[in-house]
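Chains as they are written, first to last, in this note's numbering: chain Y, 69 to 483; chain S, 1009 to 1504; chain L, 2 to 367.
Since the hints were made in silico from the structure, they are not lab data.
Check the hints yourself; a few may be wrong.
[As the list claims (entries may be wrong)] Away from chain Y, derived, C-beta distances all over 10 Å, residues of chain S: (1) 1040; (2) 1043; (3) 1045; (4) 1049; (5) 1053; (6) 1092; (7) 1347; (8) 1349; (9) 1383; (10) 1464.
[Claimed, not checked] Where chain S lies over chain Y, by a calculated footprint (3+ residues, C-beta under 8 Å): (11) 99–105; (12) 111–124; (13) 142–156; (14) 389–398.
[As the list claims (entries may be wrong)] Cut-off 27 Å, straight-line C-alpha distance, at most; resulting in silico cross-link-like pairs (DSS-like, lysine-lysine): (15) 380(Y) / 345(Y); (16) 1174(S) / 1318(S); (17) 394(Y) / 1283(S); (18) 1114(S) / 1021(S); (19) 1174(S) / 177(L); (20) 158(Y) / 1272(S); (21) 158(Y) / 135(Y); (22) 368(Y) / 345(Y); (23) 1466(S) / 1184(S); (24) 1184(S) / 177(L); (25) 1283(S) / 396(Y); (26) 1283(S) / 158(Y); (27) 1174(S) / 1021(S); (28) 135(Y) / 168(Y); (29) 168(Y) / 233(Y); (30) 380(Y) / 368(Y); (31) 177(L) / 1233(S); (32) 1313(S) / 1272(S); (33) 396(Y) / 158(Y); (34) 1283(S) / 1249(S); (35) 158(Y) / 78(Y); (36) 394(Y) / 168(Y); (37) 1174(S) / 1249(S); (38) 78(Y) / 135(Y); (39) 328(L) / 1313(S); (40) 1318(S) / 1249(S).
C-beta: ideal position from N, C-alpha, C; glycine also.
Residue strings, one per chain:
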Amino acid sequence: MQTNLIDAIKDTAEGREADAILRTCVHCGFCTATCPTYQLLGDELDGPRGRIYLIKQMLEGQPVSEKTQLHLDRCLTCRSCETTCPSGVKYHRLLDIGRKFLNERVPRPLGQRVVRGLLQEALPRPWIFRPAVAAGQMLRPLLPQALADKVPTAAPGQSQGWPEKSAHPRRMLALAGCVQPGLAPNTNAATARLLDRLGITLFEAPEAGCCGALRFHLDAQEAALADMRRNVDAWWPHVESTQGPGVEAIVMTASGCGAHVKEYGLLLRHDPAYAAKAERISALTKDVSEILAAEAERLKPLLAAKAHPPLKLAFHSPCTLQHGQKIKGVVEELLSAAGCELAPVADPHLCCGSAGTYSILQPDLSRQLRDNKLAALSAGAPKLIVTANIGCQTHLQSGSALPVRHWVEIIEERI
Amino acid sequence: MAFVNDVRFAADKRAILARLRAVLPPGALLADEEELRPYECDGLTAYRALPLLVALPQTEAEVQAVLRACHDLKVPVVPRGAATGLSGGAMPHEDGVVLSLARFRKILRIDPLARTAIVQPGVRNLAVSEAAAPFGLYYAPDPSSQIACTIGGNVAENSGGVHCLKYGLTVHNVLKVRGFTVEGEAVEFGAAGLDAAGLDLLAVINGSEGLLAVITEVTVKLTPKPELAQVVLAYFDDVQKAGNAVADVIAAGIIPGGLEMMDKPATHAVEPYVKAGYDLEAEAVLLCESDGTPAEVAEEIERMKAVLEKSGATSLVVSRDEAERLRFWAGRKAAFPAVGRITPDYLCMDGTIPRKRLAEMLEAIADLSAKYGLRCANVFHAGDGNLHPLIMYDANQPGELERATAFGAEILELSVRLGGTVTGEHGVGVEKIDVMAAQFTAAEIEAFHRLKAAFDEKGLLNPGKGVPTLARCREYLQTRAGIAPSSVSSDAAPRF
Amino acid sequence: MDAVLKEWADRVRDAAERQGKLRIRGGGSKDFYGGAPAGETFDTAGFRGIVAYEPTELVVVARAGTPLAELEAALAEQGQCLPFEPPHFGYPAVLGATAGSGATVGGMVAAGLSGPRRATVGAVRDYVLGVRLIDGRGELLAFGGQVMKNVAGYDVPRLMAGSLGTLGLIAEVSLKVLPLPVAVRTLRFSIDEATALSRLNEWGGRPLPLAASVWHEGALTVRLAGARAAIEAAQAALGGEVVADDVAAAFWQSVREQTHPFFAGSEPLWRLSLASTTPPMGLGPQLIEWGGALRWLRGDQGAERMRAVAAQAGGHATLFRGSEALKAAAGAFQPLPPALLQIHRRLKAAFDPQGVFNPGRMYPDF
Ligand SMILES: Cc1cc2nc3c(=O)[nH]c(=O)nc-3n(C[C@H](O)[C@H](O)[C@H](O)COP(=O)(O)OP(=O)(O)OC[C@H]3O[C@@H](n4cnc5c(N)ncnc54)[C@H](O)[C@@H]3O)c2cc1C
Ligand code: SF4
Ligand code: SF4
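All chains, please: the whole structure from these sequences, using the hints.
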């Protein structure tokens, strides 16, 4: 597309990046077809092509208001559009740049600022979030409906804890994450037990915390970068270990975090102190499905060793897994290998509406997406729903009578 | 490049805004420039216009009310589907309202026994086939944009697809269209049976580019899925040989399920996206599909291979399974936007010529590419003789669009001289409005205007598109008279 | 411009000037169809011949007065055909016979009638690629052309199909043609109407090489056409009793040309075009074609009733053959709803402002 960015933007690194992205878009409209918000709202402005246009005109110096903000806020950042786009438009990067630029120009009303501020502060900090969940109270008076849906749903599945002692020569790091330890402690524990059986020791670096994705998408890109640097610092000693070889991988059990950590290299590339380290971290980062797929040779005999009753389940592939990390069919194959029957799910590319804090900030759209997704997931009468990201897991659980779990727990139970 | 619409109206934005506010629910009317800009063009970004308003109705009653209000106030109305159009058909009118049908996205009924689907116009083409799949049926016309384009838009453009040679265009696969005249009168064209009483207005609505009526419901025919389909990829070391092979296949009495072509620049653009495993060394690839019973397909594939080999194919690959077949087609279907990877902008031509002239045309395009200094990728509905040269340019470079347009005009004029037409399936819109003068006489153009007036006396539906004013025709012919026809000679086959 | 067409144009212009009416006539084989012809006879037989035919392009261009039989013979020589099997109604005994002895190409397009294979391959209109016509002002106009796809301007060529000459004088048409099927086979089943209808619709949803069907008096006759392998497979799937090739050919010809005994006699013949799934209607003797979508009925059940039944089934009823008196009373064609009628009137005025062509042939008021 033709672009005519204002000079002040054109000459910045981000401006150049945005311009290049805009110019790859040929306005074919393919992406609108798979965009969850366009499908619900039927307005060009609520689809990727329209959002690209809104960002373009803003960067071209046209007046911009809370109208543009509304349509950009409604974007789930699910990146379904990127999977669809034949031209390779890096939409989410453009959106990040656009949102940042927009926030500098269109201040949010006080109410929104408070909510966003609270989410920025509370969610990424386990020591605030965990007690809050336990009490189920702290945010409730402020966000009655949205959080009433969210707070009480700790994930099903009993945690059996981490393996007693695991000291294999092969070592991998895991990210504890911010909300997952509070809501689904078994996910990382199950992963650790599973990897232990495969001869790999998994451990967490206590200094690491939120991956930064939450704040990055809440108008707090600087704060997010600080989160990211802190994680790089926390992991680096294990990567470049002074005692023995470094870790083989940094394992992500929440695909939302995985997608973000895989972009550390990109996001920190202009920070001379961190660029190289961040790139290395991103390269080491793997979703747990990628790890298991690579270990399939050893995993399969373990799975075959035990007989299991047939289990029909429906898998929801989180956007951050299928669109963000472009991992497709891998989890499905692992589950099949574990003897599970996968129920067919219509429109598997669509987002469930969780999308980080979207369920809190856009409750109506989020609920519609969740209900549509649950209808699609339950159409094949599964016994269980599994997914690969803590956000999706709790969000789906809030509307479902079926248990919603992390798929890795199922695999672990079957060896 | 500004498109100058020479059909203008005295518009009173305040008055029409007030009328439409009264009939549309909140959130169904856009009026600020910030919100209107993203509606300024369709899939052809070279031409843009800012509308007065955008209306997003959700019911037929709302459509009717919008039309009545616009008709009363003499405000133009531009219907819009998914805006994937490539001729500017859904480009707004500066004095008018864009009437988006994007919220009409319900599949109202699938009748597997009667093999029909009744759908709202905003339903995506592919969604119809997906909904029909459990019954072993599908909707046959499959434009490459089928993931996104709407049935309403398909009817309005009489869209084709990669399987149209055997299964027909939109017009062959639609039984009935319900809609509203610009006056807000409900009308139905066609019937639940195979024909309707009176003149065949259904045939005219197909391809009417939103100039005759606003479509609000479509009954389409569904086709049983063939038991098996396989595609042969035939690679050539020469584009013209591939062009000739197309005519050879038809001459052998074979009507392939699909017969498409891509040249080297096109395969290079799509391969990174689809990873179909196309041979990137070949100058051109033909996709030739056979469908039917397994025995039938096996036999036909052998015949196809024999013909293609004889026509000089350097290698042949047959799809091994359904997934591979779909991947081979996915590359073809994503070809236009994938070209966005190698160029910021492109113009897609749509001339259609007799198949036997394909090689000649390809040679001419190569010459023109050199003459204008612009690259060109070729993607063809080869079996139909429908060319889609993608002229690559950079809109940020002054003068490039103008050069690309002139390049395109030469291709289209040549299409007419070779006995073809300026548009096979994308429609005239604003893009080809001037070059219509190369194909039709003034009397024919006038006949079109009269036909339009029979549906829309005041000329309010999508004005200034599809058929040029006579003044435009004269101007075009005068300008072109000064320019010598392209270097290519042709024995000026009559269109008739 | 061809001399003949110039002369034609002059005649039309002259008629328009003096408020004259012209009754366009090819072979006269369909004089019975539609409203009673009126006006001075305008014979098209003088403008005949195939102008261009390129089998490899699958296109033929023929002048309006070309005998349909001549065209079909030329195609057959190249192993091609008009797949929609247009009825001639009065097949000329001798090929190359002169005017008035058989259907013409122009008349075929203007009448818009298609034969047994229509349901699976499409109608005349689906094969019309281009026309040259003379409008009511005496202007010679060309629309469409010789290519498979063409969306430049409105689709006037297809609008001409079935227009009964009310919009213009068709001078020349270009048509898409197809290879003849490699093989055909006819099967017969003894089943009642309801069973036949449900089977036909069910079969229609399967990828079978169906190419015509007739149900009449307890017998369903089905024709398969296509690749040999496909026919073998279909026959195995469908069962039924094979009809000998020559007997079958004669049967399909008798349906196409309405020489089948069902069509004999002077009782009114109604043509009901409806949704193929319409259940049996119990309206009297019938012959069902097009997989259930076309039902021929004999008898005088009352035009209003017929039209109500047809409308109910999403279609329309034509008084195909009947006495002039009955036609005058009931009209040949299903009346149009007001909004459509208005468009028809305006279209007529657009193409033929003086109402020169075939007055009353389609509807009494134009
Ligand atoms: C990458 C790409 C590939 C393509 N491939 C093909 C192809 O293979 N074959 C092909 O034929 N086309 C193709 N197209 C063109 C385009 O997709 C088709 O023309 C399509 O039918 C347009 O549908 P739409 O819903 O996007 O309509 P729009 O672009 O929104 O509108 C098209 C026209 O239809 C009118 N219209 C839309 N909806 C209605 C309605 N409800 N009532 C009345 N008028 C209406 C508009 O006014 C406009 O004139 C392609 C386009 C792209 C971008
Ligand atoms: S699919 Fe890609 S190129 Fe097409 S409009 Fe969307 S972002 Fe732009
Ligand atoms: S990221 Fe998701 S919600 Fe946002 S524009 Fe793309 S597809 Fe739509």
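Where does the structure disagree with the numbered hints, that is, which hint numbers, in rising order?
-> 1, 2, 3, 4, 5, 6, 7, 8, 14, 15, 18, 22, 27, 29 and 39
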